[in-house]
Amino acid sequence: MGSAGGVITEEQLQLARRIGRRIAERGCVIVTGACPGLPHAAVLGAHEAGGASLGVSPARSREEHVGVFESPLDPYTAIVFTGSGLMGRETHNIHSSDLVVFVGGRSGTLGEFAIAYDEGKLIGVLRNSGGISNDFDYIAKLVEKQTGAMLIEDDDPERLVDTCLDRWVSEARPTSVALAAQAEYAGTAVTDGARG
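Residues in the sequence shown are numbered from 138 upward in steps of one, following our numbering.
Calculated directly from the structure, the hints in this document are not laboratory data.
Each hint should be verified, as a subset may be incorrect.
Quick list of the computed label-pair ranges, beta carbon to beta carbon [unchecked claim]:
#, residue 1, residue 2, range
1, Q283, V203, 40 to 48 Å
2, A309, V203, 38 to 46 Å
3, T312, G143, 14 to 22 Å
4, S244, R199, 34 to 42 Å
5, D272, R199, 29 to 37 Å
6, D211, S313, 19 to 27 Å
7, K278, G204, 38 to 46 Å
8, G204, Q283, 37 to 45 Å
9, P311, T146, 31 to 39 Å
10, G222, V306, 19 to 27 Å
11, E148, D272, 16 to 24 Å
12, P173, S307, 32 to 40 Å
13, G164, E308, 15 to 23 Å
Each residue gets a CB set at the ideal place from its N, CA and C atoms; glycine is no exception.
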């Protein structure tokens, strides 16, 4: 999760791309808001590594997604058109994710963080990546609410993804994803240290 617009540096785009690439290398599907900016850079990284991506669009249709929200269609594996608008889309986005990784961000990213924190998600934060993400640790302390959420921070994209996935597996946190029945019954739900 991260900024779709505003001032985004080339360095931030590369950091997001590295996050997406590592998510794919670990055998996971990346879920984003199907928007431009940092989320799209992460999807490009996942695509380069041969990974799958799910876009959760605020639009009601493909036409609205491209024409009104000016958002990309490629290289997503699939896009869900929620019709929920920008704020409503955030809930779908977070609920569809087993863990949430943040880089940069503005008000929309803050909304996604609030949902992820309240839902008790495992949250990865790329330190020093700019934007609101730099303040999430402080915001969590201000909230003074125990939700079961866990914040993991790192300034290295690959190490952040690895630490988050390893922690998610070791704690046997619940999954938002249903595997194909054959994989579940065959006991292959865990691959390369990450569950499906």
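Verification of the supplied hints:
1. Q283 to V203: 40 to 48 Å: holds (42 Å)
2. A309 to V203: 38 to 46 Å: holds (40 Å)
3. T312 to G143: 14 to 22 Å: Roughly 33 Å apart at Cβ, these two residues miss the hinted range, so it is violated.
4. S244 to R199: 34 to 42 Å: violated (26 Å)
5. D272 to R199: 29 to 37 Å: At 35 Å between Cβs, range holds.
6. D211 to S313: 19 to 27 Å: Since D211 and S313 have Cβ atoms about 25 Å apart, the given range 19 to 27 Å holds.
7. K278 to G204: 38 to 46 Å: holds (42 Å)
8. G204 to Q283: 37 to 45 Å: At roughly 44 Å between Cβ atoms, Q283 and G204 fall inside 37 to 45 Å, so the hint holds.
9. P311 to T146: 31 to 39 Å: holds (36 Å)
10. G222 to V306: 19 to 27 Å: violated (34 Å)
11. E148 to D272: 16 to 24 Å: The hint (16 to 24 Å, Cβ to Cβ) holds, given that E148 and D272 are roughly 19 Å apart.
12. P173 to S307: 32 to 40 Å: holds (35 Å)
13. G164 to E308: 15 to 23 Å: Given range 15 to 23 Å: holds, Cβ gap about 18 Å.
Taken one by one, the earlier hints fail for this structure at numbers 3, 4, 10, listed in ascending order.
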